[in-house]
Structure formats: structure tokens, C-alpha cells
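Undergrad: Single-letter residue listing:
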Amino acid sequence: MTEASATRRQILAAAGGAAAVILVRPAQAQRFTSGAMNLAIRKVVGEANVTPGKIKLDIPPLSENGNSVAMAITVDSPMTAKDYVKAIHVFTEKNPQPNVISVMLGPRAGRASIATRIRLADTQTVTAIAELSDGTFWSDTADVIITLGACLEDTP
Amino acid sequence: MKRAGRGLNEHGTLVTPPPHPSLASGGGSRLRLAASFGCLAYVMTCFAISAAEIPQNERRSSYADMARDSKAMQDDDTANPGMLSVLDGEALWKAKAGAVGKACADCHGDARASMKGVSARYPVFEPKLSRPINIEQRINLCRTEQQKASPFAFESKDMLALSAYVSLQSRGQPIAPPDDQRLAPFRETGRTLFNQRQGQLNLSCAQCHDDNWGKRLAANIIPQGHPNGYPLYRLEWQSVGSLQRRLRNCMIGMRAEAYEYGAPEYVAMELYLMWRARGMTVETPAVRP
Amino acid sequence: MARALINVPAKAKRGEIIAIKTLISHHMESGFRVGPMGVMIPRDIIETFVCTYNGEEIFRASLYQAIAANPFITFNTVAIASGTLEFKWTGDNGFSATESVNIIVE
Chain A
0 MTEASATRRQ ILAAAGGAAA VILVRPAQAQ RFTSGAMNLA IRKVVGEANV
50 TPGKIKLDIP PLSENGNSVA MAITVDSPMT AKDYVKAIHV FTEKNPQPNV
100 ISVMLGPRAG RASIATRIRL ADTQTVTAIA ELSDGTFWSD TADVIITLGA
150 CLEDTP
Chain B
0 MKRAGRGLNE HGTLVTPPPH PSLASGGGSR LRLAASFGCL AYVMTCFAIS
50 AAEIPQNERR SSYADMARDS KAMQDDDTAN PGMLSVLDGE ALWKAKAGAV
100 GKACADCHGD ARASMKGVSA RYPVFEPKLS RPINIEQRIN LCRTEQQKAS
150 PFAFESKDML ALSAYVSLQS RGQPIAPPDD QRLAPFRETG RTLFNQRQGQ
200 LNLSCAQCHD DNWGKRLAAN IIPQGHPNGY PLYRLEWQSV GSLQRRLRNC
250 MIGMRAEAYE YGAPEYVAME LYLMWRARGM TVETPAVRP
Chain C
0 MARALINVPA KAKRGEIIAI KTLISHHMES GFRVGPMGVM IPRDIIETFV
50 CTYNGEEIFR ASLYQAIAAN PFITFNTVAI ASGTLEFKWT GDNGFSATES
100 VNIIVE
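Protein chains in written order, with numbering that gives the first Met the number 0: chain A, 0 to 155; chain B, 0 to 288; chain C, 0 to 105.
Hints are computed from structural coordinates only; laboratory data are not their basis.
Computed from a prediction, not measured in an experiment: that's the story for all the values here.
We treat Cβ as the ideally placed atom computed from N, Cα and C, and that holds for glycine.
Computed far set for chain A versus chain C, every beta-carbon distance over 10 Å: (1) 35; (2) 42; (3) 45; (4) 51; (5) 52; (6) 59; (7) 60; (8) 77; (9) 81; (10) 82; (11) 135; (12) 141; (13) 146.
Partner residues are not named here, just some residues of chain B that face chain A (Cβ under 10 Å, in silico): (14) 67; (15) 68; (16) 72; (17) 80; (18) 217; (19) 219; (20) 234; (21) 236; (22) 248.
Distance condition first, Cα-Cα at most 35 Å in a straight line; then the derived DSBU-like pairs of lysine-lysine: (23) A:93 to B:156; (24) B:115 to B:147; (25) B:95 to B:127; (26) A:53 to B:70; (27) A:55 to C:87; (28) A:55 to B:70; (29) A:53 to A:93; (30) C:10 to A:53; (31) A:55 to C:12; (32) C:87 to B:70; (33) A:85 to C:10; (34) A:53 to C:87; (35) A:42 to A:55; (36) A:81 to A:53; (37) B:70 to C:12; (38) A:85 to A:53; (39) B:115 to B:156; (40) B:127 to B:93.
Bound-form chain A, shown alone:
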């Protein structure tokens, strides 16, 4: 392999990659980075594609204390008998355990909207996945910075 061909191949690959980002990205399956989180997500979604969209993860970008971070999730769904959100799952990238919460919903919820307070052990990415009645999975991610207090206490 000559240096020139390798260079050409690299250029082609780079160009192709850029094109893929521009053209395919909106419909491309969501990729997850952390190994443990990826495994936890695969356990829930199986081999199905997870597509960014339809679900909105609302979490403050900067939190005062990782022991309690307010989190709200809304899925864009009519919540009718034929078209509804079956479940919402939340995962973290760097907590010692990647699962946060899984909720089961149905058309009787009326609105696919939940809120809770979660623990984040570190500054990291949180992922929420919605499972719809048609079997599709949709996701949203958010980065949260966890700040630390200066004055900590020992065990009381």
C-alpha cells in the first residue's frame, strides 16, 4: 500500500463520514458511549434502533448537589388507545449502576409526562428512552455538571 493511496482513502473516508453526518444523522440510530449504560439500554430495547426525538429530557445543566437533581420527561404522543407511550427508561453514564428508573404508562395516563429527583455521582450524560406502542424507541440526552460543596461533613 502506497502512502498516496492511503491518503486518498483517508480523504474519501473523511468525506464520506462528513456526508453521512449531514445526510443521515437525523434518522441515524442513537449511539451510547459507556459500556455499562449501553448494556443496560440493550437489555431494554434489544436489537431495536433508538432514534433521537419525540422525548424531551428536562434536567438542569448545572446541579447544586448530585444527591438530588430534578428531572422531568415529556414524550410527544397523543396517548390514544392505538398510539401511546408504553414505557420511559432513564440511564446514566457514570453512576455505579446505569439504571435510574423505568416507568410503564398507557393510554390512561392522558399525557406522557413524569418527573422525579435523581442522584448523579459525577458530571455526566443522562439518557431517556421512550418505548412507543408501535414498538419504536426514541431518545434524548442531557449533560449535567455536578458541583461540589466546599464544606463536607463526616458521618453524623
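We have chain A already, so just place chains B and C on it with the hints.
TA: For chains B and C alone, kept in the frame of chain A given last:
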């Protein structure tokens, strides 16, 4: 300033600032602690020392500096975990206790009327003991003297619950320390303790909370240190805690030896802090990060 | 019995979407913390939360260690009939708590 520097240098190995004393996160708690003290020392050496009391019109509750979500947690009683403790306290208020078999309510009636404003004026002078007592000590005096029941341990679930329920009845009231000359010397002791350097970091309460409030210590805004929301739900604790637990927390932060719960020194500091916060609004059960 | 706080409107119109807020006292000990003397504090969490409306399940949640102490969960339901909403939390070490509230639907 020089004195602070010298004090810190004596313990230099303990308080070396970390390379990035800002949003450092993760790691073991010991590491965090070490980094935190580093921050503390680092910031303190930069502080200007003025040792002046906060002008009345500049006083502010730490509520004002909280993030939106923490404020929302305090503002909504059905979202505030401190209210779970209050509900436990309400049950205790009505429960018969001790050899006498009487409940708080049997003597004091409806707490919403009888306890209104009470925590806003505590600690008070207790003639039988010839010294001031705080709300928790009053609860235990009632239990041992009136109900013939065993006292609650400080920071126990029951003590926090009953004191939270009693203090809730003063929510929205201005802090109003009694005009009682017998309290004066104890309040002065509290003031002295507040201004006295202590611990391995050789810091006083005043250096942070009088002189440098509003600035940042690591990621936190340094509060003025007012006692207007106790017992309160602290996210760091993941539970409700008393003012004395918070004072103990600060003393550990300064690497000073904390007093026993209920110690006269703590009560003296409570007296001074309540006087310092006179007129401010009671927020019990407050939420703090 | 763990203390719980439930917020459901006392009255609603038929077909109206109502918000339900729940708060329960539980330390949600993660099992990842080290206690005094360096000993790990064993896991003790609420694992499941279920809400039924006149006996029919309308909401179910599986909680993990990452849920903050004193779990706070809000969700919605369509007010279909007067009756009872029942809430049940179960978890480690045989933990179980139930609460119920009545709703009038007009």
C-alpha cells in the same frame, strides 16, 4: 490577613490547594474532602478580613441564592421532603407519651395556635437551669418533667420531627429574640465564639459568613449563615437536620473539634445567630443544597 | 409505616388529565456508600411503585439506586370515574407501604 496566612502555613501540608479548586467532581469522598479543605484554605488566604457585622438591610436568606429546582422544592409542601418529618411531628404532638400518659396536645392544645411564633423567639432563658435552652431542649424538658417520658436523642428522627412540627408553626413569622437581660451574657459568648478563630484552618465563622458572603467557595455561594429555616432538609444530608448539625458541619469544615449536641456553646451560638437574624422570616422546613 | 404525601385534586371533570404527585420517606440507601469504620452500608431501596385507579393499574415504576432519597414521583392520569387511587411502594428488606386517596369525578 497575615495571621490567617501564618495559621495556615503551620498546617501547610494539610491545606495545599488542588490545581483546580473549582468544579472538581467524582473520586472517593476522602479525596473530595481533601480537595475541599484545599479550596477552603486557598480561598481563605485570598480573603480580605474586615470583621464587620452585616448591615441589616443587606441580610438575605440563603433561599435567595438557591437554584430554581431547590426553591421549587421548598415552595411546594407536597414536594418538600421536610414535610414528611413535619407530619411525623404532628403525629408525635398528638400521641400520649410517658408515665403520665399525656400528649403535647393535652397541655398545649392546637399547635397551630399555641406554638405560633415560639421557634421564632428561641432559645429562651430557663430559670430552673439558670441558662438558655433551645427548642429541642424544651421538648426534652417537657418530656422528662411533664410527661415523665425518656428524652429524645439529639438528631433522632423523633426529635427532628417534633421540633420541625413546632417550628413550622412559626413559618412566615419574623425572628424575634426576647428582650431578656438574662440572655445577654450568653449571647455575648455566642458572638465571641462566632468571631473566634478555631480549628486547624484557624478560621472563624465570621470570616466566611460576615466578611465574604456572596463569594464562592468551590462551587458554592458562601451564605450569610442565618438560622431561619431549621430544622431543614439538606440535599447533602439527604435528610432533615438541626441547626446544631449545621454548626457541627462547619466546625468539621474548619477542622475544629465539634461540641456535643446540646452543649452550652452551641446554644450560645444559636442565641447570637438568632439575634443576628432578627426580623428575618422563618422558613421551616427550609430546603438547602 | 413510612410517611407518604400524596397530592391529587379532590375533584375533577370527567376526561380531565390530572397531575398526581407522590413523596415517601425512604433513605434509598444505594449500597455503594461506606459507613463508619469503613464498612459498606448494605443496599436498602424501594424497587417498585404502583398506582391503581379503582383497582386498575395506571402507573408502574421500577426504581434503582439513582433515585434520590425520599422518592418524589409525579405522573398523570385521565379522571374517568369517582373512586379511589391506591399507591403502593415495595422494596428491599420487606419494605411495603400503601396510601389511598379518593377523587370525585363529575
